[in-house]
Amino acid sequence: MSEQRCPMCSRPNPPEAHECWHCGARLTPLDPGGSASGSASQPGSRLGGERQPVPPEQDWLDRIRAESEAAGEPEPDFTAEPVTGELPSWLEEMKPEGSPPEAGEEGGRVSAFKAAGEPGGMEAADESGPPEWLRRIRAREEERAQDTGESGQDWLSGLRGSPGAEPEPEDVSYPPRPGRDMAAPRPAAPESRDLPPERPRERPAAASQEAMPSWLRQAGGQDAPPGQDRAAEQLPPSGSPPTTPPFGLPHVQALIGEGGAGEAPLGGKPEGEVDLPDWMDAASLEGPAEALPAASEGEDSRLAPATLPSWLEAMRPVETFRPVVQIQTEDDQAVESAGPLAGLRGVLIAEPLVAMPRTATVGSMQLAVSERQYAQAELLHRMVEDEEREVQASRRARPQLNFIRWAVAGVLLFATALPVLSGSPRFSLPSLEPRELGSLFTLIDTLPAERPALLVFDYEPGYSGELDAVGEALIEQIMVRGIPIATMTTRPTGSLLAMRVIDRLGPRHDYVPGEEVVHLGYLSGGATAVQLFSLRPREAILQGFDLPEDMQEAGITAWDTPVLRGVTALSDFSLVTVITAGTETARVWAEQAKNYMGQTPLVMVLSAGAEPMVRPYYEAREPRVNGILTGLPAATAYERRMGQEGLAAQRWNAFGTAMLASEFILAAGIAYGLVQWWMARQER
Amino acid sequence: MTTPELIASFLGAIITLMVLSYLFADNPLFRLAIHIFIGSASGYAGAIAWHNVLKPGLVDPLFAVGLRGIAQPSALVTVVLPWILVLVLLLKLSPRTSRYGTLSMALLVGVGAAVVVGGAVSGTLVPQTLASMESLSPASVAPQTGETGLERMINVSLVLLGTITTLLYFRFGQRQSLTGEGETPLAVISGVTIPGPAGLIRAVGKAFIAVTFGVMYAGALSAALVVLVERLQFLRDTLSNLFGALG
Numbered sequence: 001m002s003e004q005r006c007p008m009c010s011r012p013n014p015p016e017a018h019e020c021w022h023c024g025a026r027l028t029p030l031d032p033g034g035s036a037s038g039s040a041s042q043p044g045s046r047l048g049g050e051r052q053p054v055p056p057e058q059d060w061l062d063r064i065r066a067e068s069e070a071a072g073e074p075e076p077d078f079t080a081e082p083v084t085g086e087l088p089s090w091l092e093e094m095k096p097e098g099s100p101p102e103a104g105e106e107g108g109r110v111s112a113f114k115a116a117g118e119p120g121g122m123e124a125a126d127e128s129g130p131p132e133w134l135r136r137i138r139a140r141e142e143e144r145a146q147d148t149g150e151s152g153q154d155w156l157s158g159l160r161g162s163p164g165a166e167p168e169p170e171d172v173s174y175p176p177r178p179g180r181d182m183a184a185p186r187p188a189a190p191e192s193r194d195l196p197p198e199r200p201r202e203r204p205a206a207a208s209q210e211a212m213p214s215w216l217r218q219a220g221g222q223d224a225p226p227g228q229d230r231a232a233e234q235l236p237p238s239g240s241p242p243t244t245p246p247f248g249l250p251h252v253q254a255l256i257g258e259g260g261a262g263e264a265p266l267g268g269k270p271e272g273e274v275d276l277p278d279w280m281d282a283a284s285l286e287g288p289a290e291a292l293p294a295a296s297e298g299e300d301s302r303l304a305p306a307t308l309p310s311w312l313e314a315m316r317p318v319e320t321f322r323p324v325v326q327i328q329t330e331d332d333q334a335v336e337s338a339g340p341l342a343g344l345r346g347v348l349i350a351e352p353l354v355a356m357p358r359t360a361t362v363g364s365m366q367l368a369v370s371e372r373q374y375a376q377a378e379l380l381h382r383m384v385e386d387e388e389r390e391v392q393a394s395r396r397a398r399p400q401l402n403f404i405r406w407a408v409a410g411v412l413l414f415a416t417a418l419p420v421l422s423g424s425p426r427f428s429l430p431s432l433e434p435r436e437l438g439s440l441f442t443l444i445d446t447l448p449a450e451r452p453a454l455l456v457f458d459y460e461p462g463y464s465g466e467l468d469a470v471g472e473a474l475i476e477q478i479m480v481r482g483i484p485i486a487t488m489t490t491r492p493t494g495s496l497l498a499m500r501v502i503d504r505l506g507p508r509h510d511y512v513p514g515e516e517v518v519h520l521g522y523l524s525g526g527a528t529a530v531q532l533f534s535l536r537p538r539e540a541i542l543q544g545f546d547l548p549e550d551m552q553e554a555g556i557t558a559w560d561t562p563v564l565r566g567v568t569a570l571s572d573f574s575l576v577t578v579i580t581a582g583t584e585t586a587r588v589w590a591e592q593a594k595n596y597m598g599q600t601p602l603v604m605v606l607s608a609g610a611e612p613m614v615r616p617y618y619e620a621r622e623p624r625v626n627g628i629l630t631g632l633p634a635a636t637a638y639e640r641r642m643g644q645e646g647l648a649a650q651r652w653n654a655f656g657t658a659m660l661a662s663e664f665i666l667a668a669g670i671a672y673g674l675v676q677w678w679m680a681r682q683e684r
Numbered sequence: 001m002t003t004p005e006l007i008a009s010f011l012g013a014i015i016t017l018m019v020l021s022y023l024f025a026d027n028p029l030f031r032l033a034i035h036i037f038i039g040s041a042s043g044y045a046g047a048i049a050w051h052n053v054l055k056p057g058l059v060d061p062l063f064a065v066g067l068r069g070i071a072q073p074s075a076l077v078t079v080v081l082p083w084i085l086v087l088v089l090l091l092k093l094s095p096r097t098s099r100y101g102t103l104s105m106a107l108l109v110g111v112g113a114a115v116v117v118g119g120a121v122s123g124t125l126v127p128q129t130l131a132s133m134e135s136l137s138p139a140s141v142a143p144q145t146g147e148t149g150l151e152r153m154i155n156v157s158l159v160l161l162g163t164i165t166t167l168l169y170f171r172f173g174q175r176q177s178l179t180g181e182g183e184t185p186l187a188v189i190s191g192v193t194i195p196g197p198a199g200l201i202r203a204v205g206k207a208f209i210a211v212t213f214g215v216m217y218a219g220a221l222s223a224a225l226v227v228l229v230e231r232l233q234f235l236r237d238t239l240s241n242l243f244g245a246l247g
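Keeping their order, the protein sequence lines are chains A and B. Counting from 1, one number per residue, gives the positions in the first sequence under the numbering used here. Counting from 1, one number per residue, gives the positions in the second sequence under the numbering used here.
Everything labelled a hint here was simulated from the structure, so no lab data went into it. Cβ atoms here follow ideal geometry from the backbone N, Cα and C, with glycine treated the same way. A few of these clues could be false.
According to the in silico footprint, chain B covers these stretches of chain A (three or more CB under 8 angstroms from chain B) [stated by the list, open to error]:
1. 414–420
2. 611–617
Between beta-carbon pairs, the in silico distance windows are [what the hints assert, rightly or not]:
3. B/243 x A/432: 49 to 55 angstroms
4. A/430 x B/141: 23 to 29 angstroms
5. A/683 x B/121: 30 to 36 angstroms
6. B/92 x A/538: 27 to 33 angstroms
Partner residues aside, some chain A positions facing chain B, computed with beta carbon under 8 angstroms [to be verified]:
7. 476
8. 477
9. 527
10. 643
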């Protein structure tokens, strides 16, 4: 981990930092422990740590007692720490409700925790012998013994008479250690020597299993084997310095009595024996063996030992948050730097709980991402990265000659140029003509000569090579009949094309500009303008195009010429012919103009590529187009009908050879594709 | 041929050759010819627009009415209002003031769309729909081509079949993919999959569409060949005239 986050402000800090740079909170946990309580300071005596059984050779109590007897020191007096309050809430919650009160309890309160001066407390027991509750227990046991006929020896007297029982050490008082114990240092009530430690002491060890309440058994109160007396191990010998609990049991300092306070013999034994119940013995056996050697070291070893049973230890809420707490020696402990306990050393701090390095809640979330989502995220990531990437300018590839392109171009150019340059080969003019050609020829032939025909040149100059040849035959027929002609266009370049065609054909038929032919010019506005022109031609096109100079000088417009003098609507024309190469233009005229043309026919002179899309307008039940002339073959046939040879006939030979070459090229391409398909199929 | 016509023909021949140089690849001569064409076409279109549209439709009426005639009601509609719309439309040139030209643009787009849609419905949709509902009676006669009898029945049947299969090819209401995935084939003969009924119908529609595109391509090729012939004849005539003038 490259950085550690402050548990208080969640800001990042260097990994080697011990305090937050931002808020000053401690980053590394300040482990409690040390030698304050003796046993807790030893390695392996961690709270909640794994406890190891004490080897039998470590009979420290025997050794201490022997030393004490040799020195003739008085036995220390153990005093219980006064507890004025109730049990901790976490301990109270663990106790099941409705459990019967047992010896030593008054209303669920252990008498050993009572403060000095309280009824049944340790102090009272010291003054007037055994406490009241113990006397009641003894009386009850005697009554039971009498009822059952057993001997009058209760478990307590049995313990007294057990071998190895030694006189209880003298009063040993321990000075309070400010800042070390859980409870605030105060004058503690003396612990009574004959005070039974806990509830199980109510019955002998042999019968404790049956008499133990169920909630206590479930909570971990496992009795040790009967007859095992560990009380002597809990008490240091008289005159010897106070030691840690012998087996390194967790030290609860709140339960440790203050030195110098009134004391009472534990268990009521004047010999100084402390008779622990079996369940507590079992807990003490679980203490780590390493705690023993260091139990007598340090000044804190003068504290009275007290242990928590394993079931009680297991219920400490701190365990739920911190399974392992390294308890350090006092010298190693840091001085509290914040809060009301600032300046104190070895404070049981809650900070390690909150300062325990742990992963932030937000960062520890793991998203359930599917493969598809992951792929999409990767794609998005690449897209974002590609946006920032600088695209290298690709080096322009050198143009390479394409053999197929050259071959096709060569064939087409040769086939087209050969008839143009040499006049051969010659193809006969088509004898067959399209079916619609006859009706169109008849239509033009029957037009009224007094009404002008409107020619719309709606094609680009690039198509003039085809459409000039196709439309010339029809225009010549109109001119042969002497029908006045007016031209217009919806394309800016259309006027020039119209003028070019009329200038070439007009002189042949003595058409005088302004008299038999007039150019209306460019109509801007697309489909809207076409509809407007169909309704009111004079308002759509105001002047005209390329009028004779004398007319321009006289201020005469195209509508004032003899050609268009009587025209006020589109239906006034005898014929409307649209020459176009685009299907869109043809569709606009068929859609917008036909509705306002009345009986005036609409004829389309089309490029060959536009015919398939316009023909449906012609072959409909109610035709929107009354005649179609499309392609060079139809134009050639039309010229042949008229008995003359025009542009279409002049280009027929070259067109024929070019079409033949194209067909060969297409056939070769198709054959090449089929061969490749067949070879690929054979390979598969 | 006069000298100006000869020079114009010669320049036209040079530009034609420059355009044909595209056969080698995209080269500066081809691009120069394209730029010349675009420039001359734009200039010509601008001149046409001024002489045929702007001057007679916008400027001349203003001078004809004069300053005193602008206040007349008829002039407000025929002169002032067009000028206002044109000036407002010019505000579209600047991004800051482009929103003020929305009125003119909305007028153009709205009127244009209404005209186009109305014409399409009345001029294309209804007539073409009726055209696909021709009678199969042998006695009926086509109004334009004069077809009758069996010939007309065959033509009408082809139109009906092409219309239905083409519509089905575009999978209106079907969920199969264009490649026929998910459909059980009718048979597999020598590795060739014979599609099921729905696939067969779509295949027929696809064939009609292919034939249509083929006809359009053939027409475009025919038109291109005619143009090529015309250009070659132009080059021949130009060279002939040039050599004749020189010689």
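Hints, one by one, checked against the model:
| no. | hint | verdict |
| --- | --- | --- |
| 1 | 414–420 | holds (count 3) |
| 2 | 611–617 | holds (count 5) |
| 3 | B/243 x A/432: 49 to 55 angstroms | violated (40 angstroms) |
| 4 | A/430 x B/141: 23 to 29 angstroms | holds (26 angstroms) |
| 5 | A/683 x B/121: 30 to 36 angstroms | violated (54 angstroms) |
| 6 | B/92 x A/538: 27 to 33 angstroms | holds (30 angstroms) |
| 7 | 476 | violated (18 angstroms) |
| 8 | 477 | violated (19 angstroms) |
| 9 | 527 | holds (5 angstroms) |
| 10 | 643 | violated (22 angstroms) |
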